[in-house]
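Trainee: One letter stands for each residue in the lines below.
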Amino acid sequence: MANGKQTSLSPFLKSWKNSLKRDWQLYLLLLLPVAMVIIFKYASYPGLRIAFLDYKPALGYDGSKFIGFGTFQKIFKDADFLKALKNTVIFNFADLIVGFPMPIILAILLNEIHFKRFKKVSQTILYLPHFLSWVIVASIFTQLLKPETGLVNILITNLGGQSVHFLTEKYHWAVSYIVIAVWQGMGWGTIIYLAAITGINGELYEAATIDGAGRFGKIWHVTLPGIKGTIVTLLIMNLGRMMGSSFERLYSFDNVMVTDFQYQLSIYIYEKGLQAGNFSMATAVGLFQSLVGLILVIASDRFAKLLGEDGLM
Amino acid sequence: MKKVNAKQLSLALAAVVSASALAGCGSGASSSSSSSSSAAESTTAAQTSAVAGIDGFKAFDKQVEIQIPVYDRNVDGLPPVDDNYWTKWIQSQFGDKYNIKVTYVAIPRTDEVTKMNMLIAAGESPDIVFHYDYPQAVAYADQGALQEIDMEQFKQIAPTYYKNMEDYGILPYCKLNGKDMFVMARRPTAYNWVTLIRQDWIDAVGMEMPKNYSEYTALLDAWIAKGLCQYPLTMSLPTTGYVAGNYPFRPYPPNEEDTALYSDLSIASLTWEPTYKMLKRQNAEYNKGYYSKEYYLDKDGSQAKADFIAGKTGVYANYLTANSDYVSGLLQNNPNAKLAVLSPYATLEDGQVPAGRAYWPFGMILGFSSQSSADETKAVEMLLEWMSQKDNLFTLQNGYEGKNYTLDSNGLPVMQDYQGEERMNYNSNKDMFCLVIEGKDYGSDEANLQVQKTTYAPKGYEYLIDDSYKFYKETEKYLTTDYLFSKSIASVAEYKETLLSKWQEYSVKLITCKPDEFDALYKQFSKDYLDSGYQTILDERKAAYEESKK
Chain U
1 MANGKQTSLS PFLKSWKNSL KRDWQLYLLL LLPVAMVIIF KYASYPGLRI AFLDYKPALG
61 YDGSKFIGFG TFQKIFKDAD FLKALKNTVI FNFADLIVGF PMPIILAILL NEIHFKRFKK
121 VSQTILYLPH FLSWVIVASI FTQLLKPETG LVNILITNLG GQSVHFLTEK YHWAVSYIVI
181 AVWQGMGWGT IIYLAAITGI NGELYEAATI DGAGRFGKIW HVTLPGIKGT IVTLLIMNLG
241 RMMGSSFERL YSFDNVMVTD FQYQLSIYIY EKGLQAGNFS MATAVGLFQS LVGLILVIAS
301 DRFAKLLGED GLM
Chain D
1 MKKVNAKQLS LALAAVVSAS ALAGCGSGAS SSSSSSSSAA ESTTAAQTSA VAGIDGFKAF
61 DKQVEIQIPV YDRNVDGLPP VDDNYWTKWI QSQFGDKYNI KVTYVAIPRT DEVTKMNMLI
121 AAGESPDIVF HYDYPQAVAY ADQGALQEID MEQFKQIAPT YYKNMEDYGI LPYCKLNGKD
181 MFVMARRPTA YNWVTLIRQD WIDAVGMEMP KNYSEYTALL DAWIAKGLCQ YPLTMSLPTT
241 GYVAGNYPFR PYPPNEEDTA LYSDLSIASL TWEPTYKMLK RQNAEYNKGY YSKEYYLDKD
301 GSQAKADFIA GKTGVYANYL TANSDYVSGL LQNNPNAKLA VLSPYATLED GQVPAGRAYW
361 PFGMILGFSS QSSADETKAV EMLLEWMSQK DNLFTLQNGY EGKNYTLDSN GLPVMQDYQG
421 EERMNYNSNK DMFCLVIEGK DYGSDEANLQ VQKTTYAPKG YEYLIDDSYK FYKETEKYLT
481 TDYLFSKSIA SVAEYKETLL SKWQEYSVKL ITCKPDEFDA LYKQFSKDYL DSGYQTILDE
541 RKAAYEESKK
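In the order they appear, the protein sequences are chains U and D. Under the working numbering, think of the first position of the first sequence as 1, with each following residue one higher. Under the working numbering, think of the first position of the second sequence as 1, with each following residue one higher.
Careful: at least some of the hints might be erroneous.
[What the hints assert, rightly or not] Cβ-to-Cβ under 7 Å is the rule here; a few derived chain D residues that face chain U:
| no. | residue |
| --- | --- |
| 1 | L78 |
| 2 | K293 |
| 3 | E294 |
| 4 | L297 |
These are calculated hints, taken from the structure and not from any lab test. Source: prediction; values computed, not measured. Just so you know, even glycine gets a beta-carbon here, dropped at the ideal spot from N, CA and C.
Make the full structure from the sequences, and use the hints.
Mentor: What follows is the structure in structure tokens.
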């Protein structure tokens, strides 16, 4: 009887069973991250309906009134939302333009270093800022860059210069804000590219050398094409974050002089949604961000495929 | 690989959602849906006795757990606010006797509304939802976070508390839109909000305590000329919409309608004439170098305090308490520093009166959570009544004789600097006893003054409380309360946070701009401020005000 049952299993189930038997340790390892995703991403989905309710926490989901797209209509008419949206798009775009190529350049530079110990030390130093939270990074830079009492400006004025409002004048702030993020993230970003570079067949370099390629020739004709797929994949993932905005980063670099630029979607959500207790509004904006992000990811994936790349999906 | 991008909010919401989903599994959490079943059971429990008040209290058959909020002010060197000698004292003296488990929930003072909203949203609301500002208390009620209070039952269980509200004229304020929504602690006058000035610097330039604004500015200019300070005044980023500085610029006697529309703790009156005049003066002061050029980076007043302690600046306002670190710190840095209370006349120009905000007769505003069961509400009412008993309150406010205090010849407590196990929490346990009363009250102004001197003043600085009392009595007649609407102004809760962040931005930009740019900026900001919700609030207030006058 057992045999009869065995044969009635579909081929799919059978192969699944086999691979489970073979690789059960790997599946066990997978369990935790999958549980994380389910609990923290999917389990919150039912909560998304508060975007369509006039949600009052004390009344709960069932007690709150259904208002359809009312919250969305209100948000899209709100001048503050439009300001936040504009800032978010501009700053994410600037982050992308300035921040995206840096790890690639850095990875190639690191790859060209042949003195092993120096390479290791440089890598470690470059990774370090990634492990500092934004709160710490921001408080250090805020202290250093204060207009009157910051170390940097004391130095500048003592050398006879004018004090610079690095973080307290909006255009200076924009530059500092982006540059600090590049400093913080570029080292960590090199890891994936360095791994991809390691995967390039060494014979290609030999062949290039024989063909008379110099250092730059090899970078241009071997290394870069070798990591093109990785670059495209990461670019697509980054495009998905165009609508996102890091609350921690924005909030820690906050001061009233730069609100014009610093007021981005996460700040909007925090101020109008969480502080004012308007959870419907917060959820609606969050949902909007996610939808736009999803559309961007799908669109850029299609585009990548049109260019003959693998894409994400 | 399919990857949905990381939603900024998903974490926070997931936490909220899963917390509310899991709340049912929590063993200790006050259950939010059990009110109907426990209401039936409660007939067998406490308070069926016909005797009103504490003599009629009976222990609950089944243990009831109540959650009481307590402010966490993040003061260094004190035990946790939710677990210390005095929370255990409440449990052993009150809780164990009536089979009630009293759990304290720490609420960060600087972020209380966000924290409270999170708890309410997660279905873990404390059984008391409180706030000092009436508009915010109303906002909680509007959200549905509060239950209507059965005043007959309250009177039966907590007659002492009720009588206090009756005697001090608080009862009328407890009604919102015709329903009983709040009970309120009473507020005896405290004299410990002081603006301190460096008397040794006044002496150093051979001047006297200024009696008007021109003398005041002459003094400050003399300080600057003599190089005594880096900048004479302290200033930091505003953290509420309360514009205390515009009182001298208000017409006197005040116009009631203007007060109703513009005078408020939560929404700054940017577009009101007196506020314009105040900002204009502050702009002039800033440009004369009276404030730190970086003052707006000081979000919690800590830099201002540090500047005063370091002797960079000579005027500083704060609550005075027996262990005020800014007094001890200043003396450590400048052993010769002498302090005086700044005269309230120093900021006045010709024709202005020392006006200011008068408190309402109530302090803390308490609502009972709509998530509480009938038994939990009863237990909370029992706690309030128990704390209102003279002996219990006296111990909670003063500790033990011979340790925390000694008695003077009049039988009044004199607070001691006691650091043993039974030491008091911040400000003589104020954040615990604020549920029933906002300060210590021993029957007369003189007695209260005596007690406040040892409660609020560091040793050797009792004269500061004396001076503050003297100034208070002189100016008392010019103080006015804000107008209190008996109807909720819904737009206040909606726009409060937005308008606060705009007020922070605009007031700073107006104060720090060049004087000739001031008026153009003011016009531009006023328009934007009105468009961002202030106009809606003004319209709603005006309608409510006119309706109340019919």
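Trainee: Decide, hint by hint, whether the structure agrees.
Mentor: Hints, verified against the model:
1. L78: violated, 24 Å
2. K293: Holds, because the Cβ-Cβ distance from D/K293 to chain U comes to roughly 5 Å (cut-off 7 Å).
3. E294: Where the cut-off is 7 Å and the nearest Cβ of chain U is about 5 Å from D/E294, the hint holds.
4. L297: holds, 6 Å
The structure is inconsistent with hint 1 alone, although it conforms to all the rest.
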